[in-house]
Every structure is written in structure tokens, then in C-alpha cells.
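Participant: Whenever a hint applies, use it, and build me the whole structure from the sequences.
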Amino acid sequence: MNFEQAKALRIQLWRTTLDDHDFRMESPEAHRSTLLESSARLAEEGLIDRIEQFEMDEMANAAYWHAVEELQSNPTIFRPSYGYDVLPRGGGPRIGTIFHSVLRLDASSSDSLRPYDGKVYRDETGLVLKYSSSTETGSIEGLVLTMADGRQFDLIEARRMVQGKVYTAIEDPDVYRWMVDVVQVATETRDVDIVERIRPFLELARFRQCSTCLDRFGKREDCTVCDGQGFVPKLLSRSYLHNSGG
0 MNFEQAKALR IQLWRTTLDD HDFRMESPEA HRSTLLESSA RLAEEGLIDR
50 IEQFEMDEMA NAAYWHAVEE LQSNPTIFRP SYGYDVLPRG GGPRIGTIFH
100 SVLRLDASSS DSLRPYDGKV YRDETGLVLK YSSSTETGSI EGLVLTMADG
150 RQFDLIEARR MVQGKVYTAI EDPDVYRWMV DVVQVATETR DVDIVERIRP
200 FLELARFRQC STCLDRFGKR EDCTVCDGQG FVPKLLSRSY LHNSGG
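Residue numbers for the sequence shown follow numbering that gives the first Met the number 0, so the first one is 0 and each next one is one higher.
None of these hints come from the bench; they were simulated from the model.
Glycine included, C-beta positions come from ideal geometry on N, C-alpha and C.
Treat the hints with care, as some may be off.
[What the hints assert, rightly or not] Pairs of lysine-lysine residues, derived as DSS-like cross-links and limited to a Cα-Cα distance of at most 30 Å, are as follows:
id : residue 1 : residue 2
1  : K233      : K129
2  : K218      : K118
3  : K118      : K129
4  : K218      : K164
[Stated by the list, open to error] Here are the simulated distance ranges between beta carbons:
id : residue 1 : residue 2 : range
5  : G141      : D56       : 40 to 46 Å
6  : W64       : E36       : 39 to 45 Å
7  : Y166      : E220      : 29 to 35 Å
8  : E140      : V184      : 32 to 38 Å
9  : M0        : T211      : 44 to 50 Å
10 : I169      : F53       : 46 to 52 Å
11 : E170      : G91       : 20 to 26 Å
12 : H99       : D226      : 35 to 41 Å
Facilitator: This is how it looks when you write it as C-alpha cells:
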């Protein structure tokens with residue numbers, strides 16, 4: 000393989016990552032980091048010059064901001080880095096958890112010989128859940144798990160891995176308000192460092208933007224849905240609220 004062929008192949012791999020919509024939406028920070036690390040290696044190996052690296056990094060940054068804006072308007076998405084409590088849609092106790100796409104049922108938690116009960120995969124149809132010890136399967140749309148037999152379960156965001164540490168969802172509305180304001184200013188000024196540090200915690204919080212006033216100045220103050228706060232609690236399963244003391 001000559002120089003031009005090697006360069007074309009590596010750049011094509013970079014572009015494949017850039018165009019990976021699922022990776023970009025599920026983890027914008029990791030997607031951007033992967034692209035920047037790849038372009039840096041290409042430059043170090045002499046396959047691209049610094050101008051080409053700059054242009055590739057600009058595309059990586061543009062993809063990141065596009066993902067951030069999309070997620071702000073539609074935050075309901077399954078993320079492998081999250082930990083979810085799995086609860087029946089019609090009410091009832093938690094049946095298990097999904098963390099890093101691995102399902103562990105509460106009923107089998109004491110069985111040391113069974114490390115997990117199922118895994119979430121992505122195939123040509125979307126996100127699917129496959130049990131490890133049976134033929135049971137399910138599909139995930141948004142944050143709803145639907146089994147093949149019709150049973151449905153809510154996936155309640157409970158924890159998330161951020162830079163190697165597991166954090167639980169923020170429940171303090173004042174902290175949430177502060178994060179919203181900081182991320183908004185940082186997004187307007189394109190301050191990637193601040194957004195990358197705070198956005199993962201903002202997404203995990205127990206609140207979401209009010210869909211009526213959209214947290215807009217001039218509309219928020221008179222909004223009766225959010226009482227002027229600009230945000231509302233995320234819709235949680237009734238059984239979850241009961242079990243968590245809500």
C-alpha cells in the first residue's frame with residue numbers, strides 16, 4: 000500500500016466515524032474525542048498536514064454542536080453509558096437494571112453463577128434486548144422497552160458513567176437551573192470545555208425543559224405549566240416515585 004492509498008484509507012475510516020449518527024447522538028463527547036484523537040494521529044504520522052487536521056477538527060466540532068442542539072430539543076434517547084431502572088409501565092416494583100447495555104434482573108441478583116441476564120444490541124432494526132438464558136427479546140424506542148409478548152417497561156435514568164466515575168441523577172432544581180444557564184452561555188460562545196464537563200450531568204438530572212414556554216425569556220415568567228421555572232420534572236413511573244419516596 001503506497002502513501003496515497005494509506006492516507007485515503009485512514010481518512011475514510013475517520014469519515015465513517017464522523018458519519019456514525021448513533022455514536023454521535025449517544026455520546027457526543029466521546030464521538031468528538033475519537034475524531035480529534037484520530038486526526039492528531041494522522042498528522043503525527045505525516046498522512047495529513049496541519050491545515051488538513053484543522054479542517055477535520057472543525058468538522059468534528061461542528062458535528063458535536065449539532066448533536067448538542069439536537070439533544071436539547073429531543074433528550075429522550077437510550078444511552079449505553081447510562082444506568083436505567085426497569086419498571087413496568089402499568090405500575091409495579093422494579094424488575095431490574097440496565098447499565099452499559101447489560102440487563103441484570105433483581106430476581107437473579109443473588110445468583111453468582113449468572114453475571115448478567117441480557118444485553119442491549121443495535122442491529123438493522125434499531126435497539127434490541129436479548130436475554131442470555133432464554134429466547135425472549137424486546138425492542139427499545141425512546142426510553143420504553145417493549146417485549147415480544149407485548150409487555151412494556153419504562154427505562155428510568157438513574158446513573159451515568161462520566162470519565163470513569165458513576166454519578167447518580169441530580170434532583171436539586173437550583174443546581175439544575177444553574178447548569179442550564181451555564182451550558183446555554185457556553186453553547187452560545189462555543190466553549191466546548193465547559194459544555195463537555197457539565198452537559199452529561201445536565202442530561203441525567205431529574206428535570207427537562209418545559210415544552211410549553213421552552214424556557215424562553217418573556218414566556219417563562221407567565222407559564223403555568225412550569226410555574227415560571229422554565230423546566231419541569233421528568234415523567235417518572237408511579238411505582239418509581241413511590242419506591243423513591245417521591
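Participant: Hint check: K118 vs K129, CA-CA at most 30 Å. Holds or violated?
Facilitator: The hint holds at about 6 Å.
Participant: Looking only at beta-carbon atoms, does the pair I169, F53 fall within the given range of 46 to 52 Å?
Facilitator: 36 Å, violated
Participant: Does 32 to 38 Å hold as the CB distance between E140 and V184, or does it fail?
Facilitator: The hint (32 to 38 Å, Cβ to Cβ) holds, given that E140 and V184 are roughly 34 Å apart.
Participant: Given a hint of 29 to 35 Å, does the C-beta separation of Y166 and E220 actually sit inside it?
Facilitator: With a Cβ separation near 32 Å, Y166 and E220 satisfy 29 to 35 Å, so the hint holds.
Participant: Cβ-Cβ distance between M0 and T211: within 44 to 50 Å?
Facilitator: Violated, since M0 and T211 (Cβ atoms, about 58 Å apart) do not stay within the stated range.
Participant: Regarding the pair K218 and K118, is the alpha-carbon distance no greater than 30 Å?
Facilitator: Violated: K218 and K118 sit about 43 Å apart, past 30 Å.
Participant: Does K129 sit within 30 Å of K233, going by the straight-line distance between their CA atoms?
Facilitator: Holds - the C-alpha atoms of K129 and K233 are around 28 Å apart, at most 30 Å.
Participant: Given a hint of 35 to 41 Å, does the C-beta separation of H99 and D226 actually sit inside it?
Facilitator: 37 Å, holds
Participant: Does the hinted range 40 to 46 Å hold for G141 and D56 at CB?
Facilitator: 32 Å, violated
Participant: Is 39 to 45 Å a correct range for the gap between the Cβ atoms of W64 and E36?
Facilitator: Violated, since W64 and E36 (Cβ atoms, about 19 Å apart) do not stay within the stated range.
Participant: Taking the CB of E170 and the CB of G91, does the distance hold inside 20 to 26 Å?
Facilitator: 23 Å, holds
Participant: Keeping to a limit of 30 Å between CA atoms, is the pair of K218 and K164 held or broken?
Facilitator: Given that 30 Å is the threshold and the Cα spacing comes to 38 Å, the pair is violated.
The structure shown violates the earlier hints numbered 2, 4, 5, 6, 9 and 10.
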